[in-house]
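In terms of our numbering, the sequence shown opens at residue 1 and continues consecutively.
Since no wrong hints were added, every one of them can be taken at face value.
Distance condition first, Cα-Cα at most 25 Å in a straight line; then the derived BS3-like pairs of lysine-lysine:
no.	residue 1	residue 2
1	K157	K267
2	K82	K287
3	K172	K209
4	K267	K251
Pair ranges (Cβ atoms, derived):
no.	residue 1	residue 2	range
5	L293	E162	43 to 53 Å
6	R145	L21	13 to 23 Å
7	W263	G142	41 to 51 Å
Because the hints were derived from the structure by calculation, they are not lab data.
Glycine residues also receive a C-beta, built at the ideal position from the N, C-alpha and C atoms.
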Amino acid sequence: MYDMKALYQAKDVADAVSLRLQHPEAHIIAGGSDVLVQMREGKRAGVELISIYGLDELRGVTMEDDGTIRIGSLTSFSHITKDPIIQQYINVLGEAVDQVGGPQIRNIGTIGGNTCNGVTSADSASTLHAWDAIVELTGPNGVRRLPIHEFYIKAGKVDIREGEIQTGILVKKEDYIDTYGHYIKYAMRNAMDIATLGTSVNVRLSADKKTVERARIAFGVAGPVPLRARTAEALAAGKPVSMELAEAFAKAVKEDINPRDSWRAAKDFRMHIAVESAKRAFIESVKLAGGEL
Numbered sequence: 001m002y003d004m005k006a007l008y009q010a011k012d013v014a015d016a017v018s019l020r021l022q023h024p025e026a027h028i029i030a031g032g033s034d035v036l037v038q039m040r041e042g043k044r045a046g047v048e049l050i051s052i053y054g055l056d057e058l059r060g061v062t063m064e065d066d067g068t069i070r071i072g073s074l075t076s077f078s079h080i081t082k083d084p085i086i087q088q089y090i091n092v093l094g095e096a097v098d099q100v101g102g103p104q105i106r107n108i109g110t111i112g113g114n115t116c117n118g119v120t121s122a123d124s125a126s127t128l129h130a131w132d133a134i135v136e137l138t139g140p141n142g143v144r145r146l147p148i149h150e151f152y153i154k155a156g157k158v159d160i161r162e163g164e165i166q167t168g169i170l171v172k173k174e175d176y177i178d179t180y181g182h183y184i185k186y187a188m189r190n191a192m193d194i195a196t197l198g199t200s201v202n203v204r205l206s207a208d209k210k211t212v213e214r215a216r217i218a219f220g221v222a223g224p225v226p227l228r229a230r231t232a233e234a235l236a237a238g239k240p241v242s243m244e245l246a247e248a249f250a251k252a253v254k255e256d257i258n259p260r261d262s263w264r265a266a267k268d269f270r271m272h273i274a275v276e277s278a279k280r281a282f283i284e285s286v287k288l289a290g291g292e293l
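Construct the complete structure from the given sequences, taking the supplied hints into account.
If you want it as structure tokens, here you go:
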């Protein structure tokens with residue numbers, strides 16, 4: 001059984017904010033794929049919970065008038081993978097979250113829960129960083145939006161303030177238009193495993209497909225929080241598409257990442273697979289964008 005002190009069911013976003021203010025020690029629960037497991041393990045014994053699972057206004061993927069793609073925080077991984085807007089414009093995000101756990105987890109797990117956990121291994125996090133996603137939070141002072149790289153503070157901690165709940169993830173048109181990406185998850189098992197390293201790359205090529213106009217790369221488990229390898233990004237910008245560029249781009253990621261030793265993998269091994277996965281993801285992204293190497 002689950003050891004909890006109380007469970008409060010939010011009626012809408014305003015009610016969720018009010019409940020957060022009334023019960024500041026309470027934990028938000030959405031799909032529950034993380035919270036319920038932790039409760040069963042005794043890590044949250046006697047906790048108060050605020051359920052936002054019934055807030056359908058926080059589900060789904062839509063496109064705003066200015067072309068911004070909005071993903072409601074309660075949108076499940078399965079929904080994201082199958083959504084036509086995601087498939088057309090940010091297919092790599094659908095591919096990334098399709099590698100979370102098994103089908104049951106993907107059916108209940110939410111993009112909001114995956115990011116609000118603050119863990120560097122979250123499969124959505126590196127791709128959202130690579131696409132310059134914006135996190136939307138709603139609280140007693142209204143709506144607050146901040147770049148996702150500012151949302152992550154340190155391992156397991158994100159910038160959610162008193163009374164706030166995360167209500168959406170946004171990707172602006174300028175960050176996804178004519179841009180193609182690829183995600184590589186390295187794990188010890190093919191399924192139901194936490195990433196040893198996650199690598200997400202996207203590129204935008206010139207009209208003739210011969211020059212890299214822009215490249216982005218972000219990693220999970222290459223530091224305490226998901227991070228961008230900006231040295232590699234700067235190196236690739238404006239360069240002709242070539243295998244030599246792919247090699248140089250991949251090697252440059254070592255300037256910005258700092259993986260740790262753990263029982264899952266040694267630091268040196270993570271550095272090795274970071275370089276190799278960066279190269280492979282860059283090559284695949286270029287091909288998806290219509291380039292030839």
